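Peer 1: Order-wise, the sequence lines are chains Z and D. So in the working numbering, the last spot in the first sequence is 308, and the numbers never skip. So in the working numbering, the last spot in the second sequence is 631, and the numbers never skip.
None of these hints come from the bench; they were simulated from the model. Treat the numbers as computed from the prediction; the structure is a model and nothing was measured. No residue lacks a Cβ here, since even glycine has one placed at the ideal position from N, Cα and C. Don't take each hint at face value.
Here are some of the chain D residues that sit facing chain Z, going by a computed Cβ distance under 7 angstroms [stated by the list, open to error]:
1) S207
2) I208
3) S210
4) T257
5) T259
6) R421
7) P475
8) S478
9) P525
10) R526
11) G530
12) Q567
Some chain Z residues flagged as far from chain D (calculated, every beta-carbon gap over 10 angstroms) [claimed, not checked]:
13) A170
14) P231
15) N242
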Amino acid sequence: MKLLFLLFSLMPFLIQAQTKADFENIPLANNSFLNDAGGTGLFESGHIALPNDYNADFDFWSGWAISSVTDNETPGFLNQYSAIAGGGAEGTANYALTYAFDPVVIRLENEAAGGAVEGVYITNSTYAYFSMLEGDGFAKKFGGETGNDPDFFLLQIQKYEDGQLHPETISFYLADYRFENNGADYIVDEWTYIDLSPLGNMDSLSFSLSSSDVGIFGMNTPAYFCLDQLITLDMPSADTYQNKPSWQYYPNPASNFLILNWPETNPAQLRVMDVNGKMMASEKLQSGKNEISLEPFPSGIYWMQIRRENGSFFYERLLIQK
Amino acid sequence: MYRFVCVFILAVGVFSPLIGQSVLDTLVQLPIVTVAEKSLRHHSTGGKTEHWDFAALEWRSFETLADLLQTETGIFIKSYGLGSLATTAFRGGSAGQTAVFWNGLPIQSPMLGQLDINLLPLTFADEAMLQYGGDGALWGSGAVGGIVHLNNKPKLNTPFTASLNVGLGSFAWNEQQVRVEMGKKKVGFSTRFFNQAAKNDFEYSIASAKKTQSNAALQQTGFLQQINWKPRPNQVFSLHAWWQKSRREIPPLTTQTRSEAVQKEDSFRALLDWKRIGVQQVLFARAGYVHEQIRYEDALINLQTDNRFQTLSGEVESQWAWNKRFQLQAGIQYNYTTAATDAYADTIHRQQMALFVSHRIQAGSWTFQVNARQELVDGQWIPFMPGIGLDGQLSSSLSIKAKASRSYRLPTLNDWYWRPGGNPNLLPERGWSEELGIHWLRHSSKQSWNSSITVFNRNIQDWILWSLKEGQPFWSANNITAVWSRGLETRIQWEQQQKKRHYLIKAGYDLIYSTNQVELDNPRMEKGEQLIYTPLHQAFMLLQIASHNWRFRYQHTYTGYVRTQTEPLPGYDLGDARLSFSHPLNQVEVRFFLNINNVWNSSYRVIERHPMPGRYFRLGCQLYFQSQE
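For reference, chain Z alone in the conformation it holds in the complex (with noise of 0.2 angstroms):
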């Protein structure tokens, strides 16, 4: 009994607090998407982020956007912002998707920057379902001519911590028709949970997608795949968010060089990182005046990382526009 007590006791300081991206925050009306961030460039629900790039002279988008489209039957890239679940995961209305041709990135804010993730929902495309299923003009129906093809459509997903991309990866089919008992073949049509807690602490999450359908243009496959109700774990306030000083970086967004007035005695570690969480400079700010120069970086959000000699550390969002 006194066991239990402690334990109580000690629950508090034991789990730590969980935050879920539903993206339920973000007005949307009903049946429709977002594909612009606007300014920020980023989407934010709960403790993530998730870039995007908007252009409005060509109408074009890419890495994430949020929708709440329920049709679910119309195949084809102008229904490209549908989940084939036909809305959100557990009944919500608001789900990301995102264009993935090349890798795309969720970033990992506030509380839950640099902590842990503890799982999310992942499901198809409407558009990459029914390309799997039954082909378009560019991309072939899984199975092939005959059937037997031993297609793929895989995800898999990394972290990124402390500016570099880890080994580590947790992948999932979100079609596999490798089976020999074709019967066995199958496109996700759910949402799905998938454990991201083997990844452990992390800066960002790094989404890729591959398929067996490739040709000289890279792959044919849609390169889409929804994703809802995100868990993040918080980080020990100890740690990172809760201690971050009152301290001033200038000029935001800035263009060739930044000003950062470290206002603490001891020396800090300034990592830089672009949107995906890749490092692209490292530097030690003393206290008082830093400056640093942009001069290599391209436009784009970038992360810095401010680690303390003690261990602790905390993010800042920097722009940089040219």
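Model the placement of chain D on the given structure of chain Z, informed by the hints.
Peer 2: Frame of chain Z; chain D shown alone:
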């Protein structure tokens, strides 16, 4: 403008001594110096050419330009299916590197830079001509791999002729053609009509399973009107109008369960030309108009697109014969194009102006020709395009042809303006090509032998590909590679006439390397790798026998394996046979024909994932009337 003037000065300056001389020559040689009615541009000195006259095309009245080029030339035809899109890969070039002219009017789509040659029925042409190799100086943009001409002959002094052709065949194919023409001394006309429909629901095999092609029907209707007027003995006006409407379903790929896509094409081409033939000068002026609309609809994915362009063109050219040895041709051309599609920000306008000159010198049995062109596109100079050619008779039966020329292809309007990815900073693809041919010709009153070997070499820089650039999330058009094409073309032909029997055997083999010279990531291409859909080996054989009222033709083609976007496609053999019989019935000649296509029932594909039909049949009847006047 400076460069424009330079070309003119080059033309006038180089030959100015001849001008003074020519006055004298004119006086002395008036009775014997006549300028060739055919323009120097068509002579293609130093280059290989092939020609089909009306009699040859009449054998193929139910066929398209794609069928002709596929079976009688070494040009690889990228056919996406029976009756579907077909484009050319001429001497290892891209589809946009073949220039196609109808009576001298360029008819490629400026939006796509290419032309679907399955939409060009041979019944609408009186002659077809191929000029192999690049010739940017004479024919402008796109004349890189070769040039195709479809021409209509003036109908002056032509007896009243009427013909009705009806054809039926496999896959619910049916076609009707009507042709009426007549010409007096001053006025002539030709009116042609065709209507074609087919389901194209052929069977094909995958592994051991039989499948039936679906959503492959086509419906085409065309009308051609030609009027010639000769107000004076040395002047002819010709008006040509060609209207055509096509509706083609786009069948599913072999890796696709279903398709509901339809492509509708409407085109209208009109041409008014005037020719004045003098003793020493031919003056020629042309005004042309092309309108084309392509609508692509796919109910399955709620897609509807509408692409259209209009081109107005004008041309004035003159050809002078200074004396027996020297001929000069010079011309100025103007094109104004507008194009619109949802993918462009706005309606696009493009203006092109070009000046070209061509000079030919005849010295005994040797002919030398030098050509030059300067073109201005929307205020930007296109690189100067020179070219030279040489024809020489080595003996009574042996001759050589040699040619070197610069050629170019303008970026298509889609390359320039498509959003996203269109790149207004694109440069034209351009480069040099050279060829050398040895021709052997021997003939007697009854038979003739004709053979040739031609080697060619071509290097094109700034080759345009849609590619994925670092840091850019969408595909865009870029001048990112260079292509080296080289090859060998051999031809042999034997023809014999024996009383009422005529035999013809024609065969050819082409070996063509066309390799990418820059290593690329997206699209993934190795340096030195053969371009996709460019066969290394191609061969053809044609046998024709005409005896009394019977005619038989067999044509066989071999196409070597090709690389594709995914897996290579194996090579294949195809054989087509045709038997026809004609019988006079009063003033009407009745002709019957039977075609057996893909005689050997080959299972093959020209383009990956696009099935082709096995053996199929077509038969038809032609009623031909010609007045006795």
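Peer 1: Please go over all the hints and tell whether each is borne out by the structure.
Peer 2: Hints, verified against the model:
no., hint, result
1, S207, "violated (10 angstroms)"
2, I208, "holds (5 angstroms)"
3, S210, "violated (10 angstroms)"
4, T257, "holds (4 angstroms)"
5, T259, "holds (4 angstroms)"
6, R421, "holds (5 angstroms)"
7, P475, "holds (4 angstroms)"
8, S478, "violated (11 angstroms)"
9, P525, "holds (4 angstroms)"
10, R526, "holds (5 angstroms)"
11, G530, "violated (15 angstroms)"
12, Q567, "holds (4 angstroms)"
13, A170, "holds (20 angstroms)"
14, P231, "holds (34 angstroms)"
15, N242, "holds (18 angstroms)"
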